[in-house]
Amino acid sequence: MSLPAGIPDLLRERFPGAVEGSTEFRGDLTVQIRRADIVAVCTFLKSDPVLSFEMLIDLCGVDMYRPAGRFEVVYNLYSLRNKAYLRLKVTAEADDPVVDSVTGVWAGANWHERETFDMFGIRFRGHPDLRRLYMPEEFEHYPLRKDFPLMGIPDSLPLPRK
Amino acid sequence: MGIGNLHQDGYLTTRLDEVINWARKNSLWPMPMGISCCAIEMMATASPRFDISRFGSEVMRFTPRQCDVMIVAGTVTYKMAKVVRKIYDQMPEPKWVISMGACASSGGMFRSYPVVQGIDQFMPVDVFVAGCPPRPENLLHALIALQEKVSKDRTIGTLLQREPIVIPDGTRAERAGA
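Residue numbers (my numbering), protein chains in the order written: chain A, 1 to 162; chain B, 1 to 178.
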């Protein structure tokens, strides 16, 4: 795999303060991005002719269940030109988890963000149609949060009467 | 039915219940509610090898208006339960339900928040079939058990009082309460 070298440094140079850290594990590069800069960084990574991360492989949420920065949103990008993967992460707080939507960058993020909203309650600012994807629309909980019981909350999902 | 008179005098005597039940039980048209992998076994049941038409049930109709028995073949989520129930409600009486497989009968391996732990929570069930998925023979056994049940119905006056039959993951039927 040939990864464009120095992506974290490039981003640090171009977006001062946006890179909160980066790790590499067995050739997989992960860059932690400041929440406010995620759309700008994504726009740059996609539109830059050398990097050209034109494909959003996946976007998902993680509940880290920790006091600060409880939620993570993970963006897996792929550059067809460089045959390279890149992972971005932003954090969101427990009391008001809001992250800017990247649907304006990759239209395919639409349903991924809806799924993340459905499962974790992370709201994506600027999303064109932020409705639940799997669960019924009247459902009030977020099932993939760590504090959600496996068997659900009794009577939160109504059944037809027998 | 005494059939002897038919040859000699051209008539026979029987109970009306017997005639109606005989007609009903030998043409139970299924509503194939195939919502996951059990549906594949249900399709195999309809194939020439297992040949559900031997029992008069080959006419799978994809409209509930023309069906007698709903075969719920698969995992029913809470979101899908409303749909299953609505289709069931659209079937004309008399109607029966076969709960095919572990998922429909008990939630199966999906012991988690979105899956209904048994469809008998929101609709009446006549036959439960065990298996994950059940063999086509087991579904046929369920159909035969249902036919026996239909043949004992009181067709005139009261609607049937339903007691579910449980088909274990073998070949013998057990009557609930027997």
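Source of the hints: derived by calculation from the structure; they are not laboratory data. Just so it is clear, CB atoms sit at the ideal spot from N, CA and C, and this is done for glycine as well. Careful: at least some of the hints might be erroneous.
Some, not all, of what chain B presents toward chain A, calculated at C-beta under 8 Å [said to hold, decoys possible]:
id, residue
1, TYR78
2, LYS79
3, LYS82
4, ARG85
5, SER106
6, MET109
7, SER112
8, GLY118
9, MET123
Hint-by-hint comparison with the structure:
{"no.": "1", "hint": "TYR78", "result": "4 Å, holds"}
{"no.": "2", "hint": "LYS79", "result": "5 Å, holds"}
{"no.": "3", "hint": "LYS82", "result": "6 Å, holds"}
{"no.": "4", "hint": "ARG85", "result": "4 Å, holds"}
{"no.": "5", "hint": "SER106", "result": "13 Å, violated"}
{"no.": "6", "hint": "MET109", "result": "13 Å, violated"}
{"no.": "7", "hint": "SER112", "result": "6 Å, holds"}
{"no.": "8", "hint": "GLY118", "result": "11 Å, violated"}
{"no.": "9", "hint": "MET123", "result": "7 Å, holds"}
Checked against the numbered hints given earlier, the structure breaks hints 5, 6 and 8 and satisfies all the rest.
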